[in-house]
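**Q** Sequence:
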Amino acid sequence: MELRLDGEVSVYREVMTLRPYALLGLNFGYKTREYYGWNNFQFGLEMAWRVSENLEFFGGVNYSLAMIALREIGRSNVVRANAGVRFSY
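Residue numbers for the sequence shown, in my numbering: 46 to 134.
Keep in mind that the hints were calculated from the coordinates and are not lab data.
Treat the hints with caution; some may be incorrect.
[Said to hold, decoys possible] Distance ranges between label pairs, derived from CB positions:
| no. | residue 1 | residue 2 | range |
| --- | --- | --- | --- |
| 1 | 110 | 133 | 30 to 38 Å |
| 2 | 99 | 69 | 15 to 23 Å |
| 3 | 104 | 74 | 29 to 37 Å |
| 4 | 82 | 128 | 28 to 36 Å |
| 5 | 130 | 74 | 31 to 39 Å |
| 6 | 68 | 94 | 18 to 26 Å |
| 7 | 49 | 99 | 33 to 41 Å |
Every residue, glycine too, gets a C-beta built ideally from N, C-alpha and C.
All chains, please: the whole structure from these sequences, using the hints.
**A** Structure (structure tokens):
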């Protein structure tokens with residue numbers, strides 16, 4: 046299970062926005078059956094540029110801190126970057 050808190054801050058009108066988030070992951074037997082509880086804490090920031098009402102480009106970075114469940118199976122902290130295009134209709 047994941048608990049997530051999202052935010053959105055307008056940088057320039059409604060064209061450029063920053064979207065920070067924080068996420069807490071809990072393990073209920075999905076990652077490891079030996080430990081139920083804290084999985085990871087993740088936080089990140091995404092920048093979005095709205096081209097039109099239906100199209101935006103985005104890029105972001107996040108950091109995931111491995112907690113007890115992930116450390117039990119030999120996993121460590123992870124940094125990820127992403128970029129893409131969103132189209133809505």
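**Q** If a hint holds in the structure, say so; if it does not, say that too.
**A** Consistency of the hints with the structure:
no., hint, verdict
1, 110 - 133: 30 to 38 Å, "holds, 32 Å"
2, 99 - 69: 15 to 23 Å, "violated, 33 Å"
3, 104 - 74: 29 to 37 Å, "holds, 35 Å"
4, 82 - 128: 28 to 36 Å, "holds, 33 Å"
5, 130 - 74: 31 to 39 Å, "holds, 36 Å"
6, 68 - 94: 18 to 26 Å, "holds, 24 Å"
7, 49 - 99: 33 to 41 Å, "violated, 25 Å"
The structure fails to meet hints 2, 7 from the earlier list, while all remaining hints are met.
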